[in-house]
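S.K.: Starting from the known structure of chain A, arrange chain B on it as the hints suggest.
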Amino acid sequence: MKGPTLLRQNADRLKTAMGGCFPGSHAVFRGHDLHADLKELDWIELYVFGITGRRFTAEQLRLLHAMWVYTSYPDARIWNNRVAALAGSARSTPTLGLSAALAVTEAKIYGGYPSVRAIDFFLRTRQRLEQGELLEEIVRTELQDQRIYGYGRPISSIDERLPWLLALTRELGFDQGRYLLLAQEVERILLTSNKILLMNYAGLMAALAADLGFSLKEFHLFRFPTTLAGMPPCYLENAERQEGTLFPLSCAHIRYEGPQKRAWPPCREYRE
Amino acid sequence: MEELQKQEQVHTRIWLEEPEPDNPFAARTAWCCGYDVFGGMLGQARWVEMLYLLFRGEAPSARQADILEALAVALANPGPRDSSVHAAMCGGIGGSTAAACLMAALAVGAGQLSGGREIFLAMEAWEHCSTELDVWRRWFVKPADAIGSIWPTPEHPPGFDPHGASTSMPVRQTLRCLTELSDGFRLSWLEKNRTELESMAGCPLALSGVAAAAMVDLDFSAEQGEMLYLLLRLPGAAAHALEQKQNSYAQFPFFRLELDNEPVGRSL
Chain A
2 MKGPTLLRQN ADRLKTAMGG CFPGSHAVFR GHDLHADLKE LDWIELYVFG ITGRRFTAEQ
62 LRLLHAMWVY TSYPDARIWN NRVAALAGSA RSTPTLGLSA ALAVTEAKIY GGYPSVRAID
122 FFLRTRQRLE QGELLEEIVR TELQDQRIYG YGRPISSIDE RLPWLLALTR ELGFDQGRYL
182 LLAQEVERIL LTSNKILLMN YAGLMAALAA DLGFSLKEFH LFRFPTTLAG MPPCYLENAE
242 RQEGTLFPLS CAHIRYEGPQ KRAWPPCREY RE
Chain B
168 MEELQKQEQV HTRIWLEEPE PDNPFAARTA WCCGYDVFGG MLGQARWVEM LYLLFRGEAP
228 SARQADILEA LAVALANPGP RDSSVHAAMC GGIGGSTAAA CLMAALAVGA GQLSGGREIF
288 LAMEAWEHCS TELDVWRRWF VKPADAIGSI WPTPEHPPGF DPHGASTSMP VRQTLRCLTE
348 LSDGFRLSWL EKNRTELESM AGCPLALSGV AAAAMVDLDF SAEQGEMLYL LLRLPGAAAH
408 ALEQKQNSYA QFPFFRLELD NEPVGRSL
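Protein chains in written order, with our numbering: chain A, 2 to 273; chain B, 168 to 435.
You may find that some hints are simply not true.
Claimed, not checked - Straight-line distance between alpha carbons at most 27 Å, and here's what the computed BS3-like set of lysine-lysine pairs gives:
#: 1; chain 1: A; residue 1: Lys109; chain 2: A; residue 2: Lys196
#: 2; chain 1: A; residue 1: Lys218; chain 2: B; residue 2: Lys309
#: 3; chain 1: A; residue 1: Lys218; chain 2: A; residue 2: Lys16
#: 4; chain 1: A; residue 1: Lys3; chain 2: B; residue 2: Lys173
#: 5; chain 1: B; residue 1: Lys309; chain 2: B; residue 2: Lys359
#: 6; chain 1: A; residue 1: Lys109; chain 2: B; residue 2: Lys309
#: 7; chain 1: A; residue 1: Lys218; chain 2: A; residue 2: Lys109
#: 8; chain 1: A; residue 1: Lys40; chain 2: A; residue 2: Lys218
#: 9; chain 1: A; residue 1: Lys3; chain 2: A; residue 2: Lys16
In short, the hints are calculated from the structure, not lab data.
Just chain B, with the same shape it has in the complex:
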């Protein structure tokens, strides 16, 4: 008798598939957290509702969906000055694959300066400090964790712009818009206490700081917020990479080299 092989299984709370009668490897129906994706949601659900459902396991309220959609618009294109988009354009200008352009944007945009890790740390700060100014004050002066990590030691308070001179207008506009939409308490508290927090941080609030507050108000965990932030910033990186693919590399910045230690006595 042929020995039965153990069937491996992927455990998931997100996705159920029922097979076509003639093929166990093809889905006839797909259910996301209980909802029929192609038979019920398609044509009915908004993209942001699907996103929220995937990450949180429950459909968002109309208000939550509106906040997430507004946040997605604000984050969709960090613009060509942003390091992650710059990285994607480096892929585009040289004709790298589409995935390489997005991987470049993800890798550079994953970090602690305007990146996914900054959102993670900022959301951790919200979870720790909530809306207590005194707790925030202590948190700002707390020395960075001395334990070594794959991540570098943070060099600025997450959610704030270490190179900023004042709170930029898009940051203020996004905070205003999201606060109006939100019934959560962090965004409104952030708007009310922004200048005091900026004074404690020693630098102005960044868009990542607004995004972190919005994600906490939307009940995302720090890990979910980090992942979602990475995802929501990709459209601009993709578009700018595609645009550069059409341009001559001669038009793309290469910058001046100032080498400190040119070798002496070079042969040949």
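Chain A with its partners taken away, still in its complex shape:
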């Protein structure tokens, strides 16, 4: 079925297995009564249940919590946080500032994109290994076409978050996960040719999430609020200081590198 027939069949109704609200009665969340069956869940437990439909052990949830906690930096200079902070300084609402800041986190050189690419690499590499390919060869061919995400970091190649998350991983007994071991082996191979390609936080999170059974899409959704906790302080402080005083830019802060001054309208050939 396709075209207007398909659309007609879906018009005026929501057919779903995910849940619904029955005002005045109850709410259903993935086949469970939210208030009767799921009321004891903490928020992240409910969040990952909503994403995966699976329940996680207390140890797994502790690890998932830590992934969020260890990268919540209330530093208003960081690009995504700066959006929340500027929203405060410009007297916008916290919801707008934080929503935009989270959206900005889905970026190419940090946040969303490297995370997604990293788990995609690990999941694909595992499949290729199971088909008999050698890891060194996989890494070499990947590098021919593109960079391998999850390794290297702008500004500093050393990631201060990793020792902490790895320590917790060991404490919780997740340090022998096959994706984590794979990620560490890839790091070893990459370091033989480039000393700055240390595993970064996106790479470690992706490997651990893969060990917890997350798919690419599930991990993408899980990592979305990862940096959220650092943002409200950035918003608040700048909402409370004098308006417009966060990173004020004078005309001299703008370095113009464009064409020389010229007259408008442009020459006749442009206008006719």
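M.R.: Chain B alone, transformed into the frame defined by chain A:
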């Protein structure tokens, strides 16, 4: 002696500002790609000329400005059936902030079905296939990129309507109008070869496909086209959100729920 702090700088090829003598944080003059915005362009330049200048760094020819203006009119309101406008109306009906309504329209209208990403992909296709039917034929059957991305795997050829039955009249009218205005070669080639391309795609040309061809003819890059398309579709979303703010939520669709798995043995 007080240590001099390093002054950070924003590098730009677009904008030059000269300060008021009494305040380095206030501009006395502003120059866009070399043109005096308030002293020369204001009252003289059209909105679309300013848009083109900002994105391309050069003023458009009169013909290019006419095409962009016609395209802007065609895209200004996708209408309340469109998902991005629907999203904006969800903001409006509940009394969400103006920015939230536009952010909703942008987020939903950013995707691969009639959204900004569709324009990006369609423009990439134009850059790859140009006006070579055989290259287009191969491109239509090429499997989607297997590399994981933040974007979902495309489910239909970008620029074509997967739910269409035939080429809609507004699509044909827009293509006709823009082709008449354009001296670029893609729009006219698209009009000439539309039915063949639709046959290869397995679905009719969409307005996004016409917009993509027009943007390539206007020399925009795929990234510029994506951004501009997002921008040009916002007026309708804004207007429909504002309209819904005046309406009762009881008049706004809420739709029937068909839940597959109602919990059993519910307490309370």
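S.K.: Determine for every hint whether it applies to the structure shown.
M.R.: Hints and how they fare:
no.	hint	verdict
1	Lys109(A) to Lys196(A)	22 Å, holds
2	Lys218(A) to Lys309(B)	23 Å, holds
3	Lys218(A) to Lys16(A)	22 Å, holds
4	Lys3(A) to Lys173(B)	61 Å, violated
5	Lys309(B) to Lys359(B)	23 Å, holds
6	Lys109(A) to Lys309(B)	25 Å, holds
7	Lys218(A) to Lys109(A)	17 Å, holds
8	Lys40(A) to Lys218(A)	26 Å, holds
9	Lys3(A) to Lys16(A)	18 Å, holds
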